[in-house]
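*Asks:* Position chain B against the provided structure of chain A, taking the given hints into account.
Going down the list, the sequences are from chains A and B.
In this text, residue positions in the first sequence follow the numbering used here: the first is 83, and each later residue adds one.
In this text, residue positions in the second sequence follow the numbering used here: the first is 53, and each later residue adds one.
FYI, nobody ran anything at the bench for these hints, they're computed from the structure.
Since no wrong hints were added, every one of them can be taken at face value.
Simulated pairs of lysine-lysine, BS3-like, Cα-Cα distance not exceeding 27 Å:
hint, chain 1, residue 1, chain 2, residue 2
1, B, 187, B, 166
2, B, 183, A, 95
3, A, 338, B, 73
4, B, 290, B, 257
5, B, 166, A, 95
6, A, 95, B, 191
7, B, 73, B, 290
8, B, 273, B, 290
9, B, 73, A, 341
10, B, 166, B, 183
11, A, 95, A, 340
12, B, 187, A, 95
13, A, 340, B, 73
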Amino acid sequence: MRTFLRQVRALVKLSFIELWRRNDIFAMFVLALALMVPLSMSTPFGAKGATRYLDEAALLLVWAYSLFISLGTGARLFPPEFESRTVYTLLAKPISRGALLVGKFAGAVAASWSALAFFYAMFAVASLMRGGFGYGADFVQAFVLHLAFSALAVAVSLLGSLLVTPSANLTLSSIALVAMFFFGRRLPAYADTVSAPLSWLVRAAYAVAPHAEFFDMRQRVVHGWGGVEWTVFLAVLGYAAFYVVALLSLSAAVLKRKKL
Amino acid sequence: MSSSANAVDICCVSRTFGSVKAVDGLSLTLAPGEVMGFLGTNGAGKTTTIKMVLGLIPPTEGVVSVFGGDPSRASVRARIGYMPEIAYYYPYLDARELLSFYGGICGLDPGVVKRRTGELLEAVGLAEAAKRPLKTYSKGMLQRAGIAQALLNDPDLLVLDEPFTGLDPLARIHFRELMRSLRAKGKAIFFSSHELGETELLCDKVAIMKQGRCVYQGPVKDIAGDGGTNLERLFLKKLEDAK
Numbered sequence: 083m084r085t086f087l088r089q090v091r092a093l094v095k096l097s098f099i100e101l102w103r104r105n106d107i108f109a110m111f112v113l114a115l116a117l118m119v120p121l122s123m124s125t126p127f128g129a130k131g132a133t134r135y136l137d138e139a140a141l142l143l144v145w146a147y148s149l150f151i152s153l154g155t156g157a158r159l160f161p162p163e164f165e166s167r168t169v170y171t172l173l174a175k176p177i178s179r180g181a182l183l184v185g186k187f188a189g190a191v192a193a194s195w196s197a198l199a200f201f202y203a204m205f206a207v208a209s210l211m212r213g214g215f216g217y218g219a220d221f222v223q224a225f226v227l228h229l230a231f232s233a234l235a236v237a238v239s240l241l242g243s244l245l246v247t248p249s250a251n252l253t254l255s256s257i258a259l260v261a262m263f264f265f266g267r268r269l270p271a272y273a274d275t276v277s278a279p280l281s282w283l284v285r286a287a288y289a290v291a292p293h294a295e296f297f298d299m300r301q302r303v304v305h306g307w308g309g310v311e312w313t314v315f316l317a318v319l320g321y322a323a324f325y326v327v328a329l330l331s332l333s334a335a336v337l338k339r340k341k342l
Numbered sequence: 053m054s055s056s057a058n059a060v061d062i063c064c065v066s067r068t069f070g071s072v073k074a075v076d077g078l079s080l081t082l083a084p085g086e087v088m089g090f091l092g093t094n095g096a097g098k099t100t101t102i103k104m105v106l107g108l109i110p111p112t113e114g115v116v117s118v119f120g121g122d123p124s125r126a127s128v129r130a131r132i133g134y135m136p137e138i139a140y141y142y143p144y145l146d147a148r149e150l151l152s153f154y155g156g157i158c159g160l161d162p163g164v165v166k167r168r169t170g171e172l173l174e175a176v177g178l179a180e181a182a183k184r185p186l187k188t189y190s191k192g193m194l195q196r197a198g199i200a201q202a203l204l205n206d207p208d209l210l211v212l213d214e215p216f217t218g219l220d221p222l223a224r225i226h227f228r229e230l231m232r233s234l235r236a237k238g239k240a241i242f243f244s245s246h247e248l249g250e251t252e253l254l255c256d257k258v259a260i261m262k263q264g265r266c267v268y269q270g271p272v273k274d275i276a277g278d279g280g281t282n283l284e285r286l287f288l289k290k291l292e293d294a295k
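Here chain A stands alone, though its shape is the one from the complex:
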């Protein structure tokens, strides 16, 4: 167990170093500034009451950028190892493919979470500068569910990285998750308007694809509707955990059969 933990820790550290030494960090600072400046003004653009909509836009940007980081980090976990053949050196060490997968996943999740925490912290700081941080449990729930979604996105792109090319993986993963985020809740209604077999496909997609919209609490936070029931909150976390475990199990099966 101690060996396993040391292996996971080494892989987590590697993912962290990679993320924070790439140019992504500069883009993050620029975006953070872009969020901070308008949000920190009490009457942005001279329009009273506009802050709520700026908050919503800012949180949407946080979603977009964290999705980009999560998918990008997950998608980069294995292809460079195979391309540069460092995977041989890695697997020649006393590490199992399962431990490698878990460590890589944990590293990508930790790196993505650090970026997400940075964004939420910037959002909170901007709100404070405007004259007080008015969010409570709803904000905590939104943040935690966003973390769970980020882990789910990493697991999706990790599986994709073992099956298709990096560009195809990023494109397909982004389309699937963004489509579910915006249109997921409307799929059953859409299925009723089309005939078979398209309606079957839409219903199958609704049943199988991870529902990104379950994790989105922006409206509740921005409009002050309060948090969701804690049982609902825990159920959504369980939903994310189920998908992560299922996706990692599939990834493990693919990695085991991967030709070296």
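*Replies:* Same frame as chain A, now just chain B:
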């Protein structure tokens, strides 16, 4: 896993990829404290054999064992150090971070990794460049970083794929001395190479591969130094005979 077993035992091993037989009926042994040069032209089956010794791919037929155990098991690989032919590592890490990373992957105690890192960077001549990112390293420096990572877990068996690639003459001499000192400590060394001169200087025995089959294996002292035969001549003769 027996500690008194041969370092490497390859018994009637074949490996096919589709219709291509990359390794065909190979048998060889390597005892602790021995150095074996694994020679052959490109596509002779050397890298495939190395992958089987490392447990990365299983043989289609036959048995490969390392210290009496199956190298696909992590506990067996804990006794192996491997240096790949093409030494691409993580370009954003420096040499110290690279060794720290591989030390973690080997499950070594952080204190041991720190101590070994200092010793090995000194031994391979990278101590002064230890804090430079690997992307700024020359091919020879990357090769030396590769040697250091292979030795990190103090392995009983070293598997080296083309270890002389990119090394300048001084580094080669240094590397040869390092390998001899490891042999003196009872470590087994199994390496593939196209460098016949280096192989003759370093090895106790050689195996020559051609199109997946072993066409010769024997001690270097039987073929070298008599004025009439040397490894280069033997290599050419065996490849010619195997036509």
